[in-house]
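Guided by the hints, dock chain B onto chain A, whose structure is given.
Top line first, the protein sequences correspond to chains A and B.
Going by this note's numbering, the first residue of the first sequence is number 1, and it counts up by one from there.
Going by this note's numbering, the first residue of the second sequence is number 283, and it counts up by one from there.
Note that these hints are calculated values from the structure, not bench results.
Do not rely on the hints blindly, as some may be mistaken.
Derived pair list, reagent style SDA-like, types lysine to any residue, alpha-carbon separation capped at 20 angstroms [unchecked claim]:
id, chain 1, residue 1, chain 2, residue 2
1, B, K389, A, F192
2, A, K176, B, A448
3, B, K368, A, I196
4, A, K176, B, Q467
5, A, K194, B, Q479
6, A, K176, B, K339
7, B, K511, B, Q479
8, A, K122, A, S109
9, B, K413, A, S109
10, A, K85, A, T168
Computed footprint of chain A on chain B, listed as stretches where at least three residues anywhere in the stretch have a Cβ under 8 angstroms from a Cβ of chain A [claimed, not checked]:
id, stretch
11, 360 to 370
12, 384 to 393
We put the CB at the ideal spot given by N, CA and C, even for glycine.
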Amino acid sequence: MKKKYLAIPYVGWMAIFVIVPLILVVGYALINRDGQVTLDNFRTMTQYLGAFTTSFRLAIIATVICLVIGYPVSLWLAREGAAVKRIAMIAIMLPMWMNFLLRTYAWMSLLENTGIINTLLKNIGLFDLINRVFGTQLSYFPMINTPGAVVLGMVYNYLPFMILPIYTVIDKIDPKVIEAAEDLGAPPVMVFRKVIFPLSLPGVLSGITMVFIPAVSTFAISKLLGGGMTLLLGDLIEMQFYGSAYNPYLGSAISLVMMVIVLICMAVMNHFGEGEGEAVYF
Amino acid sequence: MSKELIRLTNVSMVFDGETTVLDNINLYFNDAEFLTLLGPSGCGKTTTLRIIGGFQKPTSGDVFFDGVRINDVPPYKRQINTVFQKYALFTHMNIYENVAFGLRISKTPEDEIRKRVDEALSMVNLSGYEKRSVNSLSGGQQQRVAIARAIINRPKVLLLDEPLGALDLKLRKGMQTELKKIQQQVGITFVYVTHDQEEALTMSDTIVVMNEGRIQQIGTPIDIYNEPKNAFVANFIGESNIVDGVMEQDYSVSFANRTFECVDKGFARKEAVDVVIRPEDLVISAPERGQIIGKVESVVFKGIFYEVMVAGETFTWKVQTTRAPAVGQLVGLSVEPDNIQVMHKS
Numbered sequence: 001m002k003k004k005y006l007a008i009p010y011v012g013w014m015a016i017f018v019i020v021p022l023i024l025v026v027g028y029a030l031i032n033r034d035g036q037v038t039l040d041n042f043r044t045m046t047q048y049l050g051a052f053t054t055s056f057r058l059a060i061i062a063t064v065i066c067l068v069i070g071y072p073v074s075l076w077l078a079r080e081g082a083a084v085k086r087i088a089m090i091a092i093m094l095p096m097w098m099n100f101l102l103r104t105y106a107w108m109s110l111l112e113n114t115g116i117i118n119t120l121l122k123n124i125g126l127f128d129l130i131n132r133v134f135g136t137q138l139s140y141f142p143m144i145n146t147p148g149a150v151v152l153g154m155v156y157n158y159l160p161f162m163i164l165p166i167y168t169v170i171d172k173i174d175p176k177v178i179e180a181a182e183d184l185g186a187p188p189v190m191v192f193r194k195v196i197f198p199l200s201l202p203g204v205l206s207g208i209t210m211v212f213i214p215a216v217s218t219f220a221i222s223k224l225l226g227g228g229m230t231l232l233l234g235d236l237i238e239m240q241f242y243g244s245a246y247n248p249y250l251g252s253a254i255s256l257v258m259m260v261i262v263l264i265c266m267a268v269m270n271h272f273g274e275g276e277g278e279a280v281y282f
Numbered sequence: 283m284s285k286e287l288i289r290l291t292n293v294s295m296v297f298d299g300e301t302t303v304l305d306n307i308n309l310y311f312n313d314a315e316f317l318t319l320l321g322p323s324g325c326g327k328t329t330t331l332r333i334i335g336g337f338q339k340p341t342s343g344d345v346f347f348d349g350v351r352i353n354d355v356p357p358y359k360r361q362i363n364t365v366f367q368k369y370a371l372f373t374h375m376n377i378y379e380n381v382a383f384g385l386r387i388s389k390t391p392e393d394e395i396r397k398r399v400d401e402a403l404s405m406v407n408l409s410g411y412e413k414r415s416v417n418s419l420s421g422g423q424q425q426r427v428a429i430a431r432a433i434i435n436r437p438k439v440l441l442l443d444e445p446l447g448a449l450d451l452k453l454r455k456g457m458q459t460e461l462k463k464i465q466q467q468v469g470i471t472f473v474y475v476t477h478d479q480e481e482a483l484t485m486s487d488t489i490v491v492m493n494e495g496r497i498q499q500i501g502t503p504i505d506i507y508n509e510p511k512n513a514f515v516a517n518f519i520g521e522s523n524i525v526d527g528v529m530e531q532d533y534s535v536s537f538a539n540r541t542f543e544c545v546d547k548g549f550a551r552k553e554a555v556d557v558v559i560r561p562e563d564l565v566i567s568a569p570e571r572g573q574i575i576g577k578v579e580s581v582v583f584k585g586i587f588y589e590v591m592v593a594g595e596t597f598t599w600k601v602q603t604t605r606a607p608a609v610g611q612l613v614g615l616s617v618e619p620d621n622i623q624v625m626h627k628s
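The following block holds chain A by itself, in its conformation from the complex (with noise of 0.2 angstroms):
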């Protein structure tokens, strides 16, 4: 039997707040300010196309970062014992307990000019040595307000959901699927690029995903520690709707073509791991 009204209340909620706020969205993308039927929104956003790239050259490189990291850890995970994993496991989802703009205002004390990197760095005397040897008049390192701090912040937060999928896909590759690979001659190298690589290919899918989109329309992040010097599609976004600019139009508008890049980034992504078991998609 199937119990389709188990749905109901999904389908109910989809409907009020996916279905209709999208159609709101492409509504007011098509309109301007009088009401009247237009293109225009599209046209302007073409003063913006800065912010596009900057907003995806920063996710894309922080989701490589995200990578290159939870990938090993991934790996290295899977293979402990259960003691290890619990607690590691609580070590990568403990941040995430923790307010989100909390975390990255920690972020920003530690990164400003008076920051406490920087005062630590002054008081063992490296600037002071840094002068002396090259003859500049350096007195901090600038990290805050820099791409650099938007793409660790993106990198901070949204690691544990590069992990997370990665961990538990190759968590669950059978022990004797890699001993038969063993078996039949492949050294540890093979085993890893014929087998454990290829099998968790769906939670690399996953992770990318799930690191990408959050970090390509974040706001919150670039506008504290990158202080308004990156513009990124987020902010952009924002202060359409609560900024000075008060254009509610265009900022739909973004949103439709920022959300029509990413689909069809991830159709590219899905179009490669295809046949290699599924993975999340948005």
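Same frame as chain A, but now just chain B:
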């Protein structure tokens, strides 16, 4: 004369410093032999296999392959391949790539890979399945892919870890014959692990009966069945009546309140022994003509015979017969001297 291929000397395996899984195993087997490790679960047979395959290192003792000690040789450098219990196929590859895996690792030329994969697949009757995915195959077919994948490297020894355990009875019988045929065709040593005594008797050249980490008996299927060395082997291989007896002197043993002529000798006088009689070796007759008298307790139809329980004075005997007596009837039981197995108490 067949040549010795693998030898285990004084191999012991202790887990976590306390659980003894293998206790001083000494075992060798020859080229092109079909050897079965038989025993109940937890007897150490799979651990023995994993030590030969290189997946586990013995706590003490040595493993020799062709005269060379291989304790520290990793699995991927051994000329031994394994068919795993639950097949362990690569689900991200099709059947062709699964079978070709070993050859790809050794960088075999493409045309030779094609030739040998074709050969291996036809040997296991799976020609035409090359492009299929692993999950589209039935258990029996997956099992055959696992066999093809394992023999493609032309190993000297093929290890099989309860490969037919997940299959239904009919399919299992078919695969038993097929496996035996493949073994004779490729002419390599098969080391087969099972807990199914019938499977072991059907397929093996040599059976190694194991229990609680020790080898109980090594012999041909006929030896093991007809001349079990101890009560455990007798009980595990086929059905048995095992009773306490006393060896009176050579060729004379007493049990069930009577002295019987037998063919065993060399025991101490009045030594307490286990006496084993197979159910099919007990003959039902009229009470006055039997050596033992008992009352029929139950009769169960088993297909080709009836299993009859006969309650004697000291023991309830299990008898297999083609003619069923009535329940409650008094009957006599008799046994030929050479069907009485006398063994030391273990």
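Do the hints match the structure? See the list:
1. K389(B) with F192(A): Cα-Cα ~17 angstroms, so holds.
2. K176(A) with A448(B): With Cα atoms ~16 angstroms apart, K176(A) and A448(B) stay inside 20 angstroms; holds.
3. K368(B) with I196(A): 18 angstroms, holds
4. K176(A) with Q467(B): It is violated: about 27 angstroms lies between the C-alpha atoms, which goes past 20 angstroms.
5. K194(A) with Q479(B): Distance ~38 angstroms between K194(A) and Q479(B) Cα, so the pair is violated.
6. K176(A) with K339(B): 17 angstroms, holds
7. K511(B) with Q479(B): Satisfied, since the Cα-Cα distance of roughly 16 angstroms is no more than 20 angstroms.
8. K122(A) with S109(A): 15 angstroms, holds
9. K413(B) with S109(A): Roughly 59 angstroms separates the two Cα atoms, so the pair is violated.
10. K85(A) with T168(A): Within the cut-off at roughly 11 angstroms; holds.
11. 360 to 370: Since 7 is at least three, the answer is holds.
12. 384 to 393: Coverage by chain A holds for the stretch 384 to 393 of chain B (4 residues, Cβ < 8 angstroms).
In terms of the numbered hints stated before, the structure departs from hints 4, 5, 9, listed from lowest to highest.
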